[in-house]
Amino acid sequence: MHGDSVIADAPILQIRNLRLEFHDHGHPEVAVEDLSLTLHRGEILGVVGESGSGKSMTALAIAGLLNRHALDCGGEILFDGVDLLHCGRSTLRHYQGDEISMIFQEPMTSLDPLQRIGMQVEEALRIHHKELSAAERKEAAIRAMGAAGLAEPEQVYGMYPHELSGGMRQRVMIAAATVSRPQILIADEPTTALDVTTQAQIIALLRQINAEDGTAIVFISHDLSLVRQLCHRVIVMRRGVAVEMGTSDEVFLNPRHAYTQSLVDAIPKVVL
Amino acid sequence: MRYVLKKTATTLATLLVVSLLLFVAFQLISGDPATHILGTGATPERLAALRAELGLDQPLPARYLMWLTAFARGDAGVSYVYHQSVSSLLSAKVPVTFALAAMSFVLMCAIGLPMGIACAKHAGSPIDRAVMVANQIIMAIPPFFAGILISWAFGMGLHLFTPGGYVSYETSVPRFLGYLVFPAVAIALPRAAQLAKLLRGSLLEEAGKNYARTAYSRGNNTNGVLYGHLLKNAFLPALTFLGMSLGTMLAGSLVVERVFNIPGISSILLASIGNRDYPVVLATVMLIAVFIIFVNLLVDILYKVLDPRIDEE
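Chains as they are written, first to last, in my numbering: chain A, 803 to 1074; chain B, 71 to 383.
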């Protein structure tokens, strides 16, 4: 659907035989089982599945946000020659927010309610680019906010989260995630909590970020029609296992797995 | 700004209501001051003359206004027992009690806040568990008993201070403050334990919220998330507790002053209650009420400073 030329051969992130098992409630629970995937430079990869399919766990594992104490993990997540699954916390932090950023499902609660928007958008720069002056950080933050589609970013810069709508907050989250121009943006159901119009705008924004900055995006969703609109390639997950993988067109036009077929069939069709 | 003005107006209204209630209550319980002063054997003429002199022949609203305006100027009337002005009786003692309460408050924060943060940071560790158990015990110790224990251990046992060796702030401010440290610890400890527990719980609750995860996703380390985001949010519930604590500290001071033999308002307040010296009691209670009401105003203003979500309306 989208030009295949975008998908260069250069892999930027490789997951090999990922296994995530939680044991925080006494009995172990396998969230992800033997997942392997490759994310290429400049690619938008969709991860689709119902609740509990392990897609969000995979996203959090890439972003390094899983609580390692409550987790048994196997396999590896390779980025920049480093296994993000087993490397030290400080190595992980070195990439978090700078090379790998994440936006979440809940824009209403994902921002610090007591901190001004500008401070939150700049935070990744404060942590990773101490060489920048305060003025340079502010400039970069306002640029990122403008690029994320916030009108009058200078004003929003000084506002607090409660003064913004859900759609605006998600744009703030996107600005904060992209301010340091990361190589990978992980978007975990970023539009689920938003109304349909805002949802379409956020999808367009993600596509624009991908096209203009070449940021690779891992787009987690249960909404197949969104995934089809946005993603170059798709992985279908069910109960922690990848059941199908391929380009969007392959998966949607010729689903090979019965589960994928049932998901595709479940997309509401407009009957004219 | 409108918020501050509104809160100040509410505070002044509260003060008026409280002062009216106190005044009326003391009018009801105190009976006839003239009889108090002159004794029951006085002639009706002398009683009437004194009543006129004290303004007691005026109607209640007029007396209330006279008392209130005088109190606002620092004139709280004349003691029935000591026959001198209440303000001169209290002026040397009020600073002692307030200094003790203030020092207790500072100590409570200095002990409770870092302890709460440390326990939250290492939640579930053996140290955290040990501190929480110790806290539970300390919380149950009333200040007067802590005072006796401290007097015994640090005063009689370790000779770190001389029990009863109070030094007036007029003699030496450092030695005055030095003497207050141990009583202040006795008052502060139970509240510090509560503060630590409250802050720990509040921090852990904030740590589970989505914005904490966002902060981690930007590359913050634990301290970055804790001090950059969680602490301010977790401090809001603690602020109410701190405000209430100032009142508790004052009450604690009144008790602990007796244990450590400190000449604050406790001695004269208790003596005056025993002597039915109502002008002194009324003035002292009113002072404490004014203090607590203004602390509440301060807490409200601090909330507004810390939390932008508090509505201006």
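The hints are simulated quantities; they were obtained by calculation from the structure and are not laboratory data. Here a beta-carbon is modelled for each residue, glycine too, at the ideal position from N, C-alpha and C. A portion of the hints provided could be inaccurate.
Going by beta-carbon spacing under 8 Å, a handful of chain A positions derived as facing chain B [what the hints assert, rightly or not]:
id, residue
1, His825
2, Arg895
3, Glu908
4, Val1045
Negatives, chain A to chain B, calculated, CB over 12 Å [stated by the list, open to error]:
id, residue
5, Arg818
6, His888
7, Met904
8, Phe906
9, Asp914
10, Arg945
11, Asp997
12, Ile1005
13, Ser1027
14, Arg1041
Exercise. Hint check: is the beta carbon of His825 of chain A less than 8 Å from a beta carbon of chain B?
Worked result: Hint violated; His825 of chain A Cβ to chain B Cβ min 16 Å, cut 8 Å.
Problem set entry | Met904 of chain A and chain B, when compared Cβ to Cβ, separated by more than 12 Å | violated, 5 Å
Problem set entry | Verdict on Asp997 of chain A as a residue remote from chain B, using beta-carbon distances over 12 Å | The claim holds: Asp997 of chain A sits with its nearest Cβ about 20 Å from chain B, beyond 12 Å.
Exercise. Does Arg895 of chain A pass the interface hint, meaning its C-beta sits closer than 8 Å to a C-beta of chain B?
Worked result: holds, 5 Å
Problem set entry | Distal placement of Asp914 of chain A relative to chain B, Cβ over 12 Å | violated, 5 Å
Exercise. Does the no-contact call for His888 of chain A survive, Cβ to all of chain B over 12 Å?
Worked result: holds, 18 Å
Exercise. Minimum Cβ separation between Phe906 of chain A and chain B greater than 12 Å?
Worked result: violated, 6 Å
Problem set entry | Given as non-interface: Ile1005 of chain A, partner chain B, CB spacing beyond 12 Å | Since the minimum Cβ distance to chain B is about 21 Å, Ile1005 of chain A lies beyond 12 Å and the statement holds.
Exercise. Arg818 of chain A clear of chain B by more than 12 Å, beta carbon to beta carbon?
Worked result: holds, 23 Å
For this session: Please settle this one: Arg945 of chain A was flagged as non-interface, so is its CB more than 12 Å from every CB on chain B?
Result: Arg945 of chain A is indeed farther than 12 Å from all Cβ atoms of chain B, at 18 Å.
Problem set entry | Status of the stated non-contact between Ser1027 of chain A and chain B (beta carbon gap over 12 Å) | holds, 26 Å
For this session: Mind checking the CB of Glu908 of chain A against every CB in chain B and telling me if the closest is under 8 Å?
Result: holds, 5 Å
Hint check: violations occur at hints 1, 4, 7, 8 and 9; the rest are consistent with the structure.
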